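S.K.: Here's the letter readout for the chains.
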Amino acid sequence: MIWRKLILFFGIVTLLLSSCEDPISIDLEEGPSQLTVDGFIKFYLDSEALNLGVETQIIKLRKTTAYFNNKPAPPALGAEVTVTDLLGRTFIFKDLNSNGNYEYNGPFVLSFTNPPLGFPGNAYRLNIKYEGEEYEAKAYMDSVPKLDSLSFVFKEQLIRGPDTLQAGYIIDNILSKENDGIYYPTKDIKGEGTCYWFKTFKNNVFYNNPHNMLTAYDAAFGPGSDHVPFVLPIVHSLSPERFYQGDTVRVECWSIGLPTYYFLNMAQIQMTNEGLFATPPTNVPSNIENKNKNSKNKAVGWFSAAAISRVTEIVP
Amino acid sequence: MYKTLLFILFFCYGASIHGQAQNFTVSGTVKDFHSGEDIIGASIVIKELNHSVATNIYGFYSITLPQGKYTFLVSSLGYATKSQEITLTKNLTLNFSLEVKSEQLKEVEISSEKSDANVKDIQMSVAKLDIKTIQKIPAFLGEIDLVKTVQLLPGVNTVGEGATGFNVRGGSIDQNLVLLDEAPVYNSSHLFGFFSVFNPDAVKDVKLYKGGIPAQYGGRLSSLLDVRLKDGNNKSYHTEGGIGLLFSRLSFEGPLIKEKASFILAGRRSYFDLFFPLSKNKNIKQAKANFYDFTAKINYIVNDKNRLFLSGYFGRDVYGFSKPKFGFNLGNSTGTARWNHVFNSKLFSNLSLIYSNYDYQIEAGEETDGFNWKSRIITNSIKQEFTYYLNPKNTITFGGSLSYYTFDPGQLIFYTKGEKIEQGGVPKHSIENALYIGNEQKINGRISLLYGLRFSNFNYIGKGTAYFFNDTTPNVRKDSIGSKSYKNLELIKTYNNIEPRISFKLDISDMSSLKFSYNRTSQNLHLISNTSASTPLDVWMPSTNNIKPQLADQIALGYFRNFFNDNAYEGSIEVYYKDMKNQIDYIDGANLFLNDLIEGELMNGKGRAYGAEFYLKKSKGSFTGWISYTLARTERKVNGINNNEWYPTRFDKAHNLNIVGMFTLNSHLEFGATFVYGTGTPTTFPTNRIEYEGYIFPHNVYGTRNNARIPAYHRLDFSATIHLKDKKEGKYKHNIVLSAYNVYAHRNPFSIYFRANPDNPAVTEAIRFSVVGRVIPSVTYNFKF
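Residue numbers (the working numbering), protein chains in the order written: chain U, 1 to 316; chain A, 1001 to 1785.
By construction, these hints were calculated from the structure, which means they are not laboratory data.
Quick caveat, the model's predicted, so the values are computed rather than measured.
Keep in mind that the hints are not guaranteed to be accurate.
Straight line, CA to CA, 20 angstroms or less: simulated EDC-like cross-link-like pairs of lysine to aspartate or glutamate [unchecked claim]:
| no. | chain 1 | residue 1 | chain 2 | residue 2 |
| --- | --- | --- | --- | --- |
| 1 | U | Lys-190 | A | Glu-1419 |
| 2 | A | Lys-1420 | A | Glu-1363 |
| 3 | U | Lys-199 | A | Asp-1759 |
The following block holds chain U by itself, in its conformation from the complex (with noise of 0.2 angstroms):
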């Protein structure tokens, strides 16, 4: 979110002063451990999802671990994962290598009478039978722009406070083709609230840093900006570092929905909770509901979905 980063850029002339950070080791005690859900079922624009004629869903499931459990998390194995759309037709995941990924595999076929799990406009009821207890989850999957072309822009050093940016290329602009063939700045789809998450990979790498998390809200970040190009802050975030000639660049774009950019941001600001100005700590919130309201086993996690955009070019 823009003021985050705005603050923490004023932040960086106190920290000019004396400011220290480091490691220090504590004791926390550990909670029982919780399911937990991640899982996106996704719709590609592009054409390969229907050249291979195959669609893959996967549903990870896996269990939280003490905080300072510094390996991945352990799948939670043995449940049944279900998912039923808004056409009533159930589809069966299934942990195929025991790993607790729970995937489905169907045909991709556009059709009107059989579409595919995932395409925009669908809805999603998620169902897990898990230890005895029944959780659900539910989610709709909204329209992506198509992004078609990324223009890149070479930037001098820039030193800001302690963070030094080397010379390089930058992402100018995400384009679309539009029907008379032009490329225009990308514009966010039409009606309000609609949100997007982007993501940029560096020859393959994804910039996983939380603090790179880019979440847009229309095309900016809240009401106002519907159906517009994208704003300069929203574009030049998606470039964390400069990129040099014969980079390979790709920019996707999710489209994840209100209550998604909500859980991200939330997520964001737990995962980067740094500095003077921090906020109070909080859970990250979670969709997953146990259908048994009074249970005291709850599941944490997102459930949710997304069409996704992208888009990849060589920094030329």
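Dock chain A against chain U, hints included.
M.R.: Just chain A now, with coordinates in the frame of chain U:
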């Protein structure tokens, strides 16, 4: 309420009839002989009656006595006592000028008040600081600071180093009314919280009310920090200044018309950015990072009955780069025009016109590609105060005020390839009225009362849009279910509050007293901030149809005791309990900026704070200083947070110890030392971690807030002041102050937070964040002539 008012009026009327036989009034002012500055709180003792009065903030006093012969003893700490015999056969105007005591003596006294004021005054929960004291306390980067010094007093607290503002008796930072010559200051900090906006060279008097707040003050729940500027020397010209590592100060004062009108001009500017052009890097070369402020005041004594004051403040913090263009600036400006009028020897009046503005602006990029964000809060007020010196036993104050506020929460304008997008920015308006009456009454030689009522009326008005929200699960964003537009000045919502105030004092002996106070306060201006330290971008909001006024009831009981015959030691113990309603809290992940539906992000809770404050001060001798210890608790209860249970606030500290010592070795050398200890502030530690899409979230399975504390804070500072010798006894005085902040370089954590290691996101770690992690030495050169 009306019954009480009637009672007061009737009572006063009755008292006035009672005192009518052959009485005359003596009134006038008490001033400093050399500078002509009014002396606040000077004491006038009528020897024959063993009765005393004190001057008000304009140096005015009035006393009504039966016909007769009297000896007036006029004194104020730091001044030689003046004695005058009078024969009272008619009303008299009697002005006094006090001479400063010999330099040596003056330097060792740390209060300008009369020495037993803490015991004898009806006021409790009040701390007075004078510049002389503040100057001797070791300061961060050698720059003496009012707000930092206030934080060394009992009952005053801060969330941590570098945080803006201060917390008084469990109140949040927006619950302090900070007045600079009566104008409210909305952000009292430069460079976040490191320095306050008050230029010490221009300040005459600082008073902090933590409780027992008199009826003439209102609008905030927890405290009043009343900062009064110097009037300027009306006899001769003087220059004062200092050169420090971070900034320099310069002030100039003198007469405009000798003994009739004077002025003071004071300015400061930081200069770390003056070195930027030396940098080889182009970006740094063109960067800006500075703050500055100007304080100015003029006053004009029209005649014995009329006096005019004009004072103003203007300060800004400026940060930015020119290429690519990026700029951020913020600041306050205030202005006060005042007219003192003495209707007759018993009725003193002051009329004030007040203006205050706090704004910030962020700009980036150019006209076609970039953005611009502005926000501000403007106050325009008119205030009329009367003091009626009815008789020696009753002093009645009454008056009222009217304020018009404009809240501009900020509008963000984006320009992308020439297209313009506007976000947020619906301003809000309100009018606040207040009426008050209070009486300070001396029942007999031992018992005094101060009681009053304040009536506040707050109107949230158009032009604007009122939003309506659904009721939903606590701690979930409320959805707007409609809105209504209002025309200019059209009433949207009104809140009325009646605030009783009462203080009681009983002298136990000549050296000790017992005091009790109760006050109710209300607050209709709210700082919307959910960060540990308030950011400069935080916005103020009025009470609206969705935000109710904050209310607080506080009771305090205190025992005041001085030791030894010359009152060299002052001691006090105070206990307090404060109950707060309609406290604002925020939903998790609240979006507080540029959000017209911001009220949907707020929650409403209650608060309570209680504690005991111990204070022992030595104000005479070559060794002076104080020890203050506060044992306190401050908690909140908000539905939807911490499983609906009470939890400690972010600035809760059980123990708070401050030791301040100042030692004068001889006329050339002085030392100062401060030791500060505070319990670590609360925070929330995770119990588990969640892995999601390659990210790791900290998670507390019990959903508690502030379940842990960061380690305790402690720090030692030192300073040495060397008064440079001048061969000839000239006007020019100068000194060098050497100081060291955080002498033993303790890494006091401001916070502990949890994150995934940036180089290896699978590894989670706890990080200690310290604002000042090492010793900070400094040197300052001060001069005066």
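S.K.: Against each hint, give a clear statement of whether it holds in the structure.
M.R.: Going through the hints against the structure:
For the hint linking U/Lys-190 to A/Glu-1419, the alpha-carbon distance of about 17 angstroms falls within 20 angstroms, and the restraint holds. Between A/Lys-1420 and A/Glu-1363 the alpha-carbon distance is near 14 angstroms, which keeps this suggested pair within the 20 angstroms criterion. For a cut-off of 20 angstroms, the pair hint linking U/Lys-199 to A/Asp-1759 stands: about 19 angstroms separates their Cα positions.
The structure fails none of the hints (numbered hints given earlier).
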